[in-house]
Every structure is written in structure tokens, then in C-alpha cells.
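There are 2 protein chains.
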Amino acid sequence: MASKFILSISALLFSLAMLAQNDDSITIRKIANEVLTNGKAYDNLRFLCKKIGPRLSGSANAQKAVEATARMLKEAGADTVYLQPCMVPHWVRGTKEKGYIQMAGGTRKELHLCALGNSAGSGNKGVSAGVVEIESFAELDTLGTPVIKGKIVFFNFPMNPTYIETFNAYGESGRSRTTGPAKAAKYGAIAVMVRSLASNPDDFPHTGVTIYNDSFPKIPAVAISTNDAAWLSKQLKLKMRLTAYIQTNCSMLPDAPSFNVVGEIRGSVHPGEIITVGGHLDSWDLAEGAQDDGAGIVQSIEVIRAIKSAGIKPQRTIRAVMFMNEENGGKGAAKYLELAKANKEKHLFGLESDAGGFTPRGFSLDVSDQAFEKIMGWKNLFYPYGASNFTKGGGGADIGPLKTIGAGVCGLRPDSQRYFDVHHASTDVFENVSRRELHLGALNMAALVYLVDKNGL
Amino acid sequence: MASKFILSISALLFSLAMLAQNDDSITIRKIANEVLTNGKAYDNLRFLCKKIGPRLSGSANAQKAVEATARMLKEAGADTVYLQPCMVPHWVRGTKEKGYIQMAGGTRKELHLCALGNSAGSGNKGVSAGVVEIESFAELDTLGTPVIKGKIVFFNFPMNPTYIETFNAYGESGRSRTTGPAKAAKYGAIAVMVRSLASNPDDFPHTGVTIYNDSFPKIPAVAISTNDAAWLSKQLKLKMRLTAYIQTNCSMLPDAPSFNVVGEIRGSVHPGEIITVGGHLDSWDLAEGAQDDGAGIVQSIEVIRAIKSAGIKPQRTIRAVMFMNEENGGKGAAKYLELAKANKEKHLFGLESDAGGFTPRGFSLDVSDQAFEKIMGWKNLFYPYGASNFTKGGGGADIGPLKTIGAGVCGLRPDSQRYFDVHHASTDVFENVSRRELHLGALNMAALVYLVDKNGL
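If you read the protein sequences in the order shown, they are chains A and B.
To convert, note that position 450 of the first sequence is 450 in our numbering; the numbers rise steadily by one, no gaps.
To convert, note that position 288 of the second sequence is 288 in our numbering; the numbers rise steadily by one, no gaps.
Be aware that a few hints might be false.
Identical chains share a label here; the pair holds if one copy fits it or two copies do between them.
[Stated by the list, open to error] In silico SDA-like links for lysine to any residue, alpha-carbon gap of 25 Å or less:
1) 109 <-> 455
2) 344 <-> 240
3) 346 <-> 434
4) 379 <-> 343
5) 40 <-> 161
6) 346 <-> 143
7) 374 <-> 334
8) 125 <-> 137
9) 51 <-> 201
10) 454 <-> 84
11) 50 <-> 230
12) 392 <-> 25
13) 149 <-> 201
14) 64 <-> 374
15) 454 <-> 400
Since the hints were derived computationally from the structure, they do not count as laboratory data.
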């Protein structure tokens with residue numbers, strides 16, 4: 001009798017859970033239909049890319065993007081839109097940057113290059129020296145000062161093509177760009193050329209931040225295209241005698257005032273509990289920052305619009321945040337965390353989209369075990385929309401820090417095959433974003449925000 | 001004791017199965033590394049698209065594509081490469097095609113249009129008449145001759161944006177193009193305009209085959225861009241008085257000689273059992289046929305290359321087939337089946353790639369229940385490579401017919417979000433294919449062919 005009663009209770013609870021999932025699937029279908037039929041993310045992205053363009057921190061365009069996204073958030077239906085002032089690094093590329101390989105035989109090959117973000121300029125004279133190819137940091141350390149001093153170091157760390165997830169290859173080879181120049185400077189190199197972090201052979205230099213070590217000189221540092229890197233490596237392996245010339249005119253100006261942009265729907269039951277969804281508003285200066293991270297910006301705005309348009313009244317406060325300065329400083333994320341702490345805000349959950357607006361495959365979650373189990377229980381709700389691959393992993397550079405104040409953090413994981421064709425290069429333009437892929441990402445984000453709001457974590 | 005023995009046997013069999021899967025995962029990793037590192041599919045596709053271009057059946061370019069892919073198959077390592085002669089329809093677009101909407105007020109709007117494949121030309125005078133918008137075949141039947149006679153019918157069947165799988169929307173709305181003109185002719189329409197079968201608003205007309213009914217006149221039929229269709233629908237709903245003018249100069253010439261191209265690796269144990277992998281070599285005339293179906297062609301060639309390069313000696317005969325004339329006749333597929341029957345070939349399995357060279361998600365299978373269970377047992381082997389979504393479904397237009405002679409048939413199912421941006425339009429060019437996505441598809445195809453060959457079905 002007792003066991004029968006327990007069985008009945010179990011059956012009842014199971015039935016209730018099924019009913020709830022059925023309700024949820026109806027609401028998510030409503031969100032999906034709204035985004036797929038009337039979605040504004042693509043049009044908003046066109047504006048960001050074509051009417052504004054590159055939005056490097058501290059630039060006039062970054063300020064235009066602040067104003068434009070504040071307007072978009074209002075149009076999307078946010079109850080409140082406000083700015084969070086923050087100071088950001090203000091790096092400028094300058095007008096001239098060029099370089100070539102001078103062969104001992106007299107021929108010269110111009111390089112497709114660009115200065116790395118936050119790097120120091122060479123001055124108008126440029127720098128010229130013999131080239132040492134380095135294929136691992138261990139090799140650099142082994143060669144050391146005797147070989148490196150006075151040379152231009154060429155870091156040739158190709159992204160491993162056999163990794164199916166391109167971010168894994170980026171994580172591995174990306175160190176050549178972020179810390180390579182500082183490591184080479186330690187051994188007396190006078191400049192650094194980095195093989196672009198691109199998945200495929202192409203002629204575009206892909207920029208990105210480099211981080212100097214204050215103990216060593218800030219030497220000029222450029223990215224060269226993957227095709228140029230392959231060519232140069234071949235010359236060096238054939239023992240061809242050559243020198244490289246690099247000229248960059250970039251410089252770091254004093255920090256500049258800027259803003260995060262925040263749009264909220266105030267919670268109807270627990271307004272003090274906050275769910276943040278965001279991307280970063282700044283982009284590199286070479287392109288339109290369409291996939292990186294215009295996509296995440298307009299998707300976050302679309303989450304607000306979809307929730308309002310689907311007639312959902314969130315219990316908790318939903319905040320879409322356009323973080324400033326992810327690319328070369330992270331000052332926006334730091335400011336958001338600082339204010340959250342100062343205001344003693346309770347952050348339940350944060351969701352970041354900063355891996356491109358490609359077809360969504362799932363979410364990576366850094367949440368408690370209990371929350372992970374809960375979210376895994378929603379897997380079937382995401383299956384029809386393609387984003388049911390829930391894995392343990394990080395949130396992202398802007399949302400990740402919220403973990404330190406107790407939030408569960410999460411990143412949208414889209415298909416990654418095309419990301420490093422455009423990442424930080426002049427190819428990251430609106431034309432390389434698919435409307436349906438972008439909107440599919442947004443609707444899955446809105447669905448997850450809806451479920452976390454409704455059920456808590 | 002007996003049960004213990006059975007348990008031991010079970011454990012042994014389980015262990016053997018695990019060991020086999022482990023061997024298989026090593027071989028598939030080898031295939032994957034080969035394709036991702038040295039894959040030739042992308043370079044072969046560049047040649048097909050940029051050195052040859054559009055390859056409509058019966059055209060000089062189609063013949064060039066026959067010769068080029070025969071060469072590619074040899075380079076890929078096929079033991080034997082041969083051609084299968086077949087006669088194909090020879091439709092030509094002609095030089096002039098244009099059209100506009102003439103408003104009663106005097107203004108005129110030029111339309112982005114193209115003749116539908118296999119359609120009849122209007123003659124140099126063109127045709128002009130009032131326009132009747134039709135949103136369903138039921139509506140057409142209701143209006144019938146009294147309203148339709150003497151008019152130009154405008155089929156406005158938008159692809160449903162809320163379907164996540166775009167092929168489902170295409171299947172539903174595509175009837176407007178394939179059978180709409182014949183149905184309108186039945187009621188006396190003098191021409192047909194079809195809303196292009198595109199997932200998004202754009203300015204490109206998307207062609208494709210239409211199939212007349214011999215009982216009714218073969219009236220001119222064009223596709224207009226989705227943007228033009230939206231504009232025209234709006235004018236008609238506002239009751240604006242207007243007429244349409246359409247001029248096409250396409251015509252059907254006598255059937256022309258052409259070929260399927262076949263490349264084989266002869267089986268080492270069961271040479272008489274055949275596994276076919278293929279795509280179609282012909283393309284529409286408006287573009288390069290990069291996704292449709294240059295991708296499937298070069299992936300099929302890559303399957304041969306990958307198997308040879310990975311040092312696999314197939315037990316069965318692996319055949320890569322470049323089918324001719326999928327787009328407007330299916331004569332290549334019919335010839336392949338006819339010869340298979342005439343030669344009493346034993347066909348075990350067929351795999352088609354004709355849904356674009358996008359990131360692979362899985363395979364749709366039309367096989368026996370027993371074979372389906374067997375293939376489902378390989379799911380985990382495909383998980384690392386993204387194509388583990390095995391569903392019941394069809395093979396495709398070229399491979400599907402092999403079912404009638406006992407083969408299990410199967411289609412590669414890639415991500416479908418971008419396919420109908422380019423499908424049958426001038427946007428289907430090499431630049432809209434991703435190297436990594438294309439190669440990922442090829443390696444998953446090679447893995448499936450490897451497993452079917454090794455294990456049978």
C-alpha cells in the first residue's frame with residue numbers, strides 16, 4: 001500500500017513534470033516563431049556593421065555603437081536602458097603599416113600584415129633583421145638569447161586542422177600571439193611576426209591582442225597571413241638567406257571614457273535576482289566585427305525583444321548587456337562586476353554569446369552540479385532548435401567573472417567551422433553572417449533565459 | 001554454471017565489440033586527419049566552379065566537367081575510371097529574359113526574374129496580362145477558369161521560416177514551382193510567376209525545374225526574387241491596378257549525349273558487392289553549382305582519395321559516381337540503375353551528398369530495420385565528427401532508385417540554414433563554400449563507407 005502510494009506520487013510528479021515541459025515547449029515554440037518570423041537581430045547587425053563599422057574601444061565608432069544599441073534596446077522593449085561609464089585602453093593603429101621579406105638575391109616579397117592589438121609601433125624607420133622561425137615556446141627557450149638577440153622572431157604556430165572544434169586549435173596556437181612577443185623580447189628579439197590564427201590558408205592578416213611583459217622591451221609585433229607564413233617557412237627551411245622589414249605606426253593613447261550599455265526587463269516576482277545575457281560591443285578595427293561580436297550584441301538585444309513580443313513576464317530581472325572593451329582590456333566586464341558588487345546585486349545566471357552567430361549547437365555551462373542536472377533536464381526542449389549539446393565549460397570573457405559573485409555562467413556554443421576564417425580580419429563583415437543562423441542562436445538564448453527565469457537554478 | 005558461461009560469452013562478445021569499435025575509431029581518426037590535413041575536395045571544387053563554371057546538362061561545360069572529374073578520380077587513386085553514356089534533356093535559357101510590372105498610374109518596376117528550368121519561351125513579343133496572386137493550390141482550384149483564364153498567375157508560396165529544417169519548407173512550397181505552371185495552364189493562365197524558393201528576402205531569382213502536363217499548354221514560367229514577390233503581393237493586396245510583362249527566350253533542344261563518370265576501388269574480398277557514393281555533376285546555368293552539387297561531387301571523389309590515402313583496402317567495390325542531369329531530368333540516375341540491372345550487379349549500399357557542403361549533422365537512412373540498428377550502433381564513432389544524427393529518411397534523387405534493386409540508401413544531412421540562400425541562384429558560387437565544412441562532410445562520408453564495407457549491412 002505504502003509503495004503503491006509512493007508509486008502514485010511518483011507518477012503524479014512525473015506527469016506534472018511532463019505537463020510543465022509541454023507548456024515550456026509551447027512557450028519556446030512561440031519564442032522561436034517570433035524570432036524566425038519577425039527577428040530584428042539581422043537588421044540591427046546590418047546597422048552596426050554598415051552604418052557604424054569597426055568599433056575599437058576609445059574610437060568615435062565605439063561611441064556611436066553605444067548610442068545605437070541603447071536605442072535598439074529601447075525599441076526591443078527594455079523597461080530601462082542605461083549606460084555604465086568605464087575607462088578603456090585607447091590603442092590606435094596609425095596610418096602606415098607594412099613589411100616585406102628581402103631575399104639575399106635581391107627580390108622582395110611584400111607581406112600581408114597588420115600590427116597586433118595593443119602593440120608598440122616601430123617608428124617611421126621601421127625595423128629590419130634576420131628572421132628566426134619558432135615552432136614552439138620550448139624551441140624559443142632552447143635557442144635563447146644567443147640565437148634570438150637582434151633578430152625578428154617568426155612564430156609559426158599553425159592552428160591544428162585535425163581538431164574538430166576550432167576553438168581548441170585557437171586555444172593552443174593563440175599563445176603565439178598573446179604572449180609570444182613578450183617571450184621573444186625577453187631573449188632580445190627586436191620584433192615579432194606571428195602566423196595569423198586562421199583555420200585555412202588565406203591572404204588576410206588576423207589581428208588580436210598581445211600582452212607585453214613590463215620587465216622586457218615592448219617590441220613591434222605583427223600578424224602575417226597564413227599564406228605568407230607558409231611561404232616564409234618554406235624559404236627558411238630551404239636555408240634561403242633573407243631579412244625582414246617591418247614598419248608599424250600604432251600607439252597606445254591615454255585611457256578614454258566609454259560605456260557598457262544595459263537594457264533591462266524588471267522582474268515581476270524577484271526583481272532583485274538578475275539574469276544577464278550579453279556580448280561585447282567593441283570590435284577590432286580591421287573589419288565590421290560582424291561575427292565578433294556584433295552577432296552576440298544583436299542576439300542579446302533580440303532576447304529582450306523576443307521575451308517581450310512573446311508576452312512573457314519574467315519573474316526575475318533580465319538584463320542585456322553590451323560589454324565594452326572585451327578585445328583589448330576587458331574593462332567593461334570589470335566595471336560590470338565592480339558595480340554588481342558595490343550594489344550588492346544577486347546574480348543568478350549569465351549567458352554570453354561571443355563565438356559567432358553561426359548555427360547554435362549547444363551551451364557550455366559553468367554552474368553547480370545541481371544546476372547542471374536541472375539544465376540537462378531541459379535538453380529535449382532544445383533538441384528541435386539544434387542547441388541541445390550541453391557541456392561543462394566556461395561562460396566567456398565578459399560573463400565569466402560573474403561566477404565570482406555566485407552566478408552560474410554559460411556560453412552559447414555555435415558551429416565553429418567558419419569562425420577563424422573571419423576572426424579579427426577584414427573578412428569579418430556583415431555579408432559573412434547568415435540571417436537564419438544568427439536568429440537560431442538568438443531564439444535558443446531566449447529559450448534558455450526563459451527556462452532559467454521560470455525555474456531558477 | 002550455464003548462466004555463468006552465457007555471461008562470460010556475453011562479456012567476451014561485448015569486449016570484442018568494444019575492441020572493434022576502438023579499432024574503428026582509430027581508422028576513422030586516420031581518415032579524418034587525412035581529409036582535414038591533405039583534403040583535395042576544396043581545391044577540386046575551385047576548379048569545377050572557377051575553371052569550368054555552370055554545368056547544365058547538354059552544355060559544353062557539362063562535358064568539360066565530365067573530363068575534369070574523370071581526371072580527379074584518377075588522381076584520387078581510383079583503380080578504374082569510366083564513363084556511362086546517357087542522353088540528357090538539353091534546355092537552354094537563351095539570351096534575353098526580362099519582365100516588369102506596369103502600374104496603371106504609369107510607373108514601371110523591373111523584376112529580378114529568370115525562366116524556370118525546362119520552361120517554354122514566350123517568344124520575342126513576350127506576354128502581358130493582369131496578375132492573379134495565388135497562395136495555395138486550393139485557392140487556384142476555387143478560382144478556376146473564370147478568374148485565371150488569360151491572366152498571369154503569381155504563385156506566392158513563401159518558405160515557412162518557422163521550420164528549423166529548411167528542406168521541409170522547400171518541400172512544402174516547392175510545389176509552386178514544380179507543378180504550379182501546369183496547374184495554372186489547366187485553367188487558361190498565359191504565364192506564371194513563382195516566388196523564388198529562398199529562405200530569406202533577397203534580390204536574386206532562384207530557378208529550378210518545372211514539369212509541364214502534356215494535356216495543357218506549356219506556358220512561360222519564371223521565378224521572381226523574394227523581395228519582388230513581397231512588393232508585388234503588397235501592391236495586389238492594396239488593390240493597385242497593374243499588369244505584368246514577361247519575356248523569356250528559353251527553349252528545349254533535342255536530347256544531347258552526355259555521361260555519368262564512375263571511379264572505382266575494386267573490392268579485395270567481395271568485388272561483386274558494390275557501395276556507391278555520389279552527387280550530381282550537372283548544375284543550373286545561373287551560377288557555379290558550388291553547393292548544388294559541386295560539393296557532393298568533390299566529397300565523393302574525396303571518399304575515394306581518403307580511403308586510398310589512409311591505406312584502407314576495401315573488401316567490397318567502392319564506386320564514386322558523378323551523376324549527370326539530376327536537375328532537369330534524372331537521366332544519369334536512370335542510366336546507372338538500368339546498367340546495374342542489365343549487369344546483374346549486387347548493390348549493398350548507396351550514399352548521396354546533395355544537400356550542400358555545410359557542416360554535417362548526420363545521415364538519413366532508408367535501409368532495413370536490421371541495417372538501421374547496426375548503423376545506430378556506430379553512432380558514437382560519428383559523434384566526435386558532428387554527424388551522429390542518424391534518422392530514417394531518403395537517400396536522394398540519384399541514389400534513391402538503387403533501393404529498387406535491394407540497396408540500402410542514405411543521404412548526408414548537413415546543416416541546412418544557408419542552403420536556400422544560394423540554391424539555384426547566382427549566389428551559388430565557390431566563395432560561399434567553407435573549406436572545413438566541406439571536408440568535414442567528406443570525412444564523415446568516408447567513415448560511413450568504411451564501416452559499411454567492413455561490416456556489411
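Cα distance capped at 25 Å. Does residue 125 pair with residue 137 within a copy, between copies, both, or neither? Classified as neither; 29 Å inside a copy, 73 Å across copies.
As a check of your reading, is residue 40 near residue 161 (CA-CA no more than 25 Å) within one copy, between copies, both or neither? between (35 Å within a copy, 14 Å between copies)
Alpha-carbon proximity between residue 374 and residue 334, which holds within one copy, between copies, both or neither at 25 Å: neither (29 Å within a copy, 53 Å between copies)
Residue 50 and residue 230: within-copy, between-copy, both or neither at 25 Å Cα: Classified as between; 24 Å across copies, 33 Å inside a copy.
Within, between, both or neither: how does the pair residue 379, residue 343 come out at a Cα-Cα threshold of 25 Å? neither (34 Å within a copy, 50 Å between copies)
With identical chains treated as interchangeable, where does the CA-CA distance between residue 346 and residue 143 reach 25 Å or less: within a copy, between copies, both, or neither? Classified as neither: same-chain Cα gap 51 Å, cross-chain 62 Å, threshold 25 Å.
As a check of your reading, is residue 392 near residue 25 (CA-CA no more than 25 Å) within one copy, between copies, both or neither? Classified as both; 24 Å inside a copy, 24 Å across copies.
Could you figure out if residue 64 and residue 374 sit no more than 25 Å apart (CA to CA) within one copy, between two copies, both or neither? neither (40 Å within a copy, 58 Å between copies)
Between residue 454 and residue 400, at a C-alpha cutoff of 25 Å, which is it: within one copy, between copies, both, or neither? Within one copy only: 22 Å inside, 46 Å across.
When Cα atoms must be at most 25 Å apart, do residue 109 and residue 455 count as within-copy, between-copy, both, or neither? neither (61 Å within a copy, 53 Å between copies)
Is the C-alpha distance from residue 149 to residue 201 at most 25 Å within one copy, between copies, in both cases, or in neither? neither (30 Å within a copy, 58 Å between copies)
Within a copy, between copies, both or neither: which one fits residue 346 and residue 434 at a CA-CA cutoff of 25 Å? The answer is neither: 36 Å in one copy and 43 Å across copies each exceed 25 Å.
In the structure shown, a violation is registered for the earlier hints numbered 1, 2, 3, 4, 6, 7, 8, 10, 13, 14, in ascending order.
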